[in-house]
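> The primary structure of each chain is shown beneath.
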Amino acid sequence: MKSFFLDLTLITYLVSWIGFVFYFKTLEKKALKISQIVLLVGAFFHSLYLLFILRDLYFQNFFSFKEVLSILSFLMVVTYFYFSLGREKAYTLGTFLLPLPILFLLLGFFLFKEGSPSPFLPLVKSLWFPLHVFSSLLSHAFLLTGLVSSAMYLLQERELKRKHFGYFFHKLPPLYSLERISEKALYHGFLFLTLGILSGALWSEMAFGDYWRWSTKEVVSLSLWLIYAGMIHQRILIGWRGKRLAYMFIIGSCLWFFTFFVVNFYFKGFHTYGN
Amino acid sequence: METDFSLLLIGLNHKTAPVEIREKLSFSTAENYPLNKLRKPPYLFREAFFLSTCNRVEFIFVLNRAEKSLLLEEFANFIEKETGLSFEALRPYFYILEEDEVVRHLFEVACGLDSMVLGEPQILGQMKEAYKRALENKTSGLILNKLLHRAFFVAKRVRTETGIGGGAVSVSYAATQLAKKVLGSLRDKKVLLVGAGEMAELACQHLITAGVSEILIANRTLSKAVELAERFKGRAFSLEELPEILAEVDIVISSTGAPGFIITKAQLVPLLKARKFRPLFIIDIAVPRDVEPAVNELENIYLFDIDDLKEVVEENLKHRQKEALRAKTIIEEEVFKMRKWFDGLSLHPTIKRLAEKAEHIRKRELEKTLKRLKDLGEEEKEALDILTKSLTQKLLYYPIQFLKSGYHDEGRYAISLIREIYKLDEPWGEELSLQEQNQDLEENPLESHKASLFHEKKIFQ
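In the order they appear, the protein sequences are chains A and B.
229 is the number that UniProt numbering gives to position 229 of the first sequence; each next residue is one higher, with no gaps.
217 is the number that UniProt numbering gives to position 217 of the second sequence; each next residue is one higher, with no gaps.
Calculated from the structure, these hints are not laboratory results.
Just so you know, these numbers come straight off a predicted model, no measurement behind them.
Each residue gets a CB set at the ideal place from its N, CA and C atoms; glycine is no exception.
Accuracy of the hints is not assured; some may be wrong.
[Unchecked claim] Reference excerpt, derived from the structure (chain B facing chain A, CB under 10 angstroms, subset only):
hint, residue
1, E98
2, L178
3, L272
4, D308
Please work from the sequences and hints to get the whole structure.
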C-alpha cells in the first residue's frame, strides 16, 4: 500500500511534467492549468505516502534516506505551489523545477529499491528531531527552487544581453519575476536553515549532551548558512542582485549537493545514513 | 442545395490599389451614404453593406441570382458618376468575389488577416461602425445581419484561439514589451525621456498605459522639456542634470538629434552603486545613436537600439504569420457553417426538417405511452399510431401552409421564423450524439430589421 502511493505519485508527477513541457512549447494557458491540477493530485498521493512514513517513524523508529528524498521531493512541489500562487508570475517555472522532485523520487526508487541502507535511528524521541528534519529539508527545497529560478534568470539575462528575441526570450518569465523568486527563496531558505540548525543543536544536546559536535555535515551546513547570511547582507546593504545572486545560488547548491549526497554516504559519523 | 440569392463583393484594398485610387473611392467626404444613391429604384439588390477604411473600400451585395450583370452595369455607372473615372480604367484595381468567397473574405478581413499589419484589431471596430451605418440606412437585412454577426464572432474566436493578435508589431509598443521582460510590471517605475521625438512620445504613451508612475524629461532646450512635462504631468530637466536623474529612473528613452553619445559607459559606472544595482532599461531610438553601445556590458543595464526593436517587431510578425495559417483553418470551418445556414434558408429543406422533427417527437411519445399500456392488442396499437400520425399532420398543416404562402410575400423571413419557433437548427435525437452542438446559440438566426436595431445595442456596447 505504501509503495503503491509512491508509484502513483511518481507517475502523476511525470504526467504533470509532460503537461508543463507542453505548456512551455505552446504557451497554452489551459495546458498550464491542467498540469497544475495534475500536480496537485500527485501531491495529494504524496502526502498520503508521507502519512505512512510518519507511522513508521513513530511506531518502528524506521527512517531511511529513501524517505528523506521523498520528503524533499514533496517539499519542492509545495514550494512550487507557494511561488506559483504568489504575486510573481513565472508561469514556466514548473517546466524547469519539476524535474528535480521527479529525479529525487527516481533516485529513491533505483538506489534503495532492494537492500536499502540500514535505517538512521533517532536516538532520542523528541519533537526537536522531526522539526530538525522538516526545517532542514524545507530549506533545501527553497535553495533548490532558488537554484532553478537563478538558472532561468541567467538564461533569460543572456538572451536579453545578446538580443536573441527567439525561443527562450518569449517563454521565459521577466527577469524581475525570476529575481524576486530567487530572493524570496533566499530569505525563506535562510530562515528554515537557521531553524534546522538550532533544532538540530537542541536535539543533539538532548541525545549526546553536546550542542555542536563538528561532524562533517555540521561544518558544511554551517558554511552553507554563512553563504546565505553573506548573500542577504550583500543583497540588503549593497544591492547585490541578478547575476551575482544567481551565481551565489549555484555555489550554495554545489555545497548542498556535497552535503546531501557525498557526506551522507562517504563520511562516517552519527549524522549519516550509511552505517 | 441552391439558394435563391447570390452574394457579391466588389472591392479594392491596399494590395490591389495605390492610395491615389483608394482615396478617390473612399466616399469618406460624401454626406450621402453611397448605398442610398445606388439603391434608387428600381431596386437592384436586396441587401448591401459598404465598408471604407484607409486601406480598403468594399461593397457587399445580396441580390437575386439573375440580376448580377445588371448590378455590375449599374455599379460601373455609379462609380463613373461619383469619381469621374471610367470603370474600365479602374477595373484592374477591383476584385470581384462571389458566394463563399465573399464569406471567406469578410471573415478574413474581420480577423485582420487582410490588413496591412497582420492581425491588427482596429478593422473589427471599423466593420462594426460600417455595419451600424448599414443598419441606420436600412440596407442590411436577414442575410447580411447573420453574415456580419458571424464575422464578428469568428474574429473573436480567432483572436482567442490563435496568437494572431499577439506580440508587439510597432516599434513603440515593442519597447514597452521589452521593458516588461526586464522590469516585470511597469507600475511604480520612473521613465526618463531624453530629447523629444515623435517616436519617444509614442513609446511614452504606451508606458503610461502600462502604469508607470512618473515621467521625467531632459532636453537641450529647457522650454521644450517644460512644455512636454506639462503634457505628461512630469518634471523637466536640462541635459546637464542627466547624471543625477539617471540614478533614480528605471527606464530611459533617448531620441535626441545630437551627433555624439549623450549617455556613456564612463558616466554610468559610478552610478551603479548609487542605484544599488537596480536594473536600468535604456531604449535608444535616435540615429545617430545617443547611448554608447558598451553601456550594455554593465551589470543590470539593458540597452536596446532601434535595430533591436525592429528585430523584435519582425520576430512577432513572423509569429503572426504562422498563426494566420491556423486562423485560416478556423475560417474555413466557419465558412462551411455559414454555407449550411444559407442552404437552410430554402423552402424544401425546411419543410422536410419540420416533418422529421414532428415524426421524431411523435415516435418518442408513442413509445413512452405504449410502454405503460401493456395490455393493448395489435389493433389498438395501430389505432393509436394512426391517431398520433393524423394529429401531427393536421397540426403541421398550418406552419407548412404559412411557409408556402409566405415564401412569395415575405421571403425568407417566414422560413427563418419557422426554423426559429421549432428550433430546427438545433440537432435532435441521434443527431445530438453525432453532430457536435452548434455554437449558434449566442445569436439569433432570425434578425429582421426590427430585431437588428435591438441587436445593435448588444453589439456595439
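> Now tell me, hint by hint, if it's right for this structure.
Hints versus structure:
no.: 1; hint: E98; result: 37 angstroms, violated
no.: 2; hint: L178; result: 8 angstroms, holds
no.: 3; hint: L272; result: 9 angstroms, holds
no.: 4; hint: D308; result: 5 angstroms, holds
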